[in-house]
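Given only the sequences and the hints, what does the whole structure look like? Please build it.
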Amino acid sequence: MGQTIIEKIVSRNVGHSVKPGDIVTVNVDRVMIHDIFIPFVADKFEEMGFTRLWDPDKVVLIYDHLVPASQVDDTRHFRAGNAFAEKYGMKNIHRSDGICHQLMTEALYVKPGNIVFGTDSHTTTYGCVGAFSSGIGYTEMASILGTGTMWIKVPETIKVVIEGALPSNVTSKDIILQLIGDLRADGATYQALEFCGDTVENMSVASRMTMANMAIEAGAKCALFTSDEKTAEYCQIELTDKERSLTGDEDAKYIRTIHYKAEELIPVLACPSQVDHIRPVSELAGTAVDQVFIGSCTNGRLEDLQKAASILKGKKVAPFVKLIVTPASRKIYRQALADGTMEILAEAGAIITHPGCGLCCGRTGGILSDGERVVATNNRNFLGRMGTSKVEIFLASPATAAACAVSGKITVPGLS
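All you need for the numbering used here is the position in the sequence shown, starting with 1, plus 659.
Calculated directly from the structure, the hints in this document are not laboratory data. All of these numbers come straight from a predicted model, not from anything done at the bench. Wrong hints could be hidden among the right ones.
Once the Cα atoms are required to be at most 30 Å apart in a straight line, the calculated DSSO-like pairs of lysine-lysine come out as [as the list claims (entries may be wrong)]:
1. Lys1068 with Lys920
2. Lys818 with Lys889
3. Lys972 with Lys889
4. Lys750 with Lys889
5. Lys901 with Lys889
The following block contains the structure:
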């Protein structure tokens, strides 16, 4: 019997063949802790009696949710993180360099076949480069810091096959939103999503990252893409035969297979206040919006900003509408400056912020108030996520978001 990608990764890590439902202890290749959780991880680590990190070089601490500080208590997290890092010899620390899930692959911490855990549910993002990555709580993280190991139950796999050429106004964000709508928010609970098909093969790593990032919104334990030459270029490696073989076998057992014809996909929105409440953009066209947000670990990459700029070029943001743009990292910010993307966005009237999580997690940088409506490219639209509980959040692709910013209302992005 063949194996799925997740079964291959876990089997190679533990040294023997595994099947769905097996409970095994894996050796962890890398962990990520962000600023919100570091005080709790530090306290729990010492409460457990550990006196040293299993491997300081495999631990990454990223300040992204609370920078710049918006509440007095935020600075406590920075002090706790700095003290813990100094005490235990951590060197991989990023202070406002960008959003954790962007930095983990961009800074080359994650490679194909790795097993990675992070104190954030969207840690599933790193499946874009063929790694098994998943979010955990601070108690589990403290245990890994001391032992370098973690127990898991090997998940079953849902295979998602996407074939054909996407319409020019449809992006990977539309695909993952449609999939979440079809699966529902609990449709992939503790299962792996494995993406394949020629549409996926033609995607950039950035587009795959968007899909892996939002896999958790269907309850998935992880999301996985087969590593290819695009992966190798992005990770700055030469793929080994072992890494190339991390693809689902023809005779692997899948709990379910879902097929999409790319040509039939359309721009969609996730409507308030559930990520699986999916409707075509066309059905909501004309609905007035107060704010548009383009950014986050879901859609703050260079290709996302360039897509928005291509729609906004020579135009202005609609009167009384705020357009907030947040690059996912400093590197992306610099790239967008260098190629003129930022200039186009600024000329159109965008408010451009530092790289970080502020608005997406409702901390700072454009939070909204009662009765306001926002079209946003991030990953969650729960009540209170970006302001008060009476804010309406619609999730969309960068193309749809940019079109809405120009018109001041929900608008189907044009076909180019």
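Exercise for the section: Give me the numbers of the hints this structure contradicts, sorted from smallest to largest. Expected result: none
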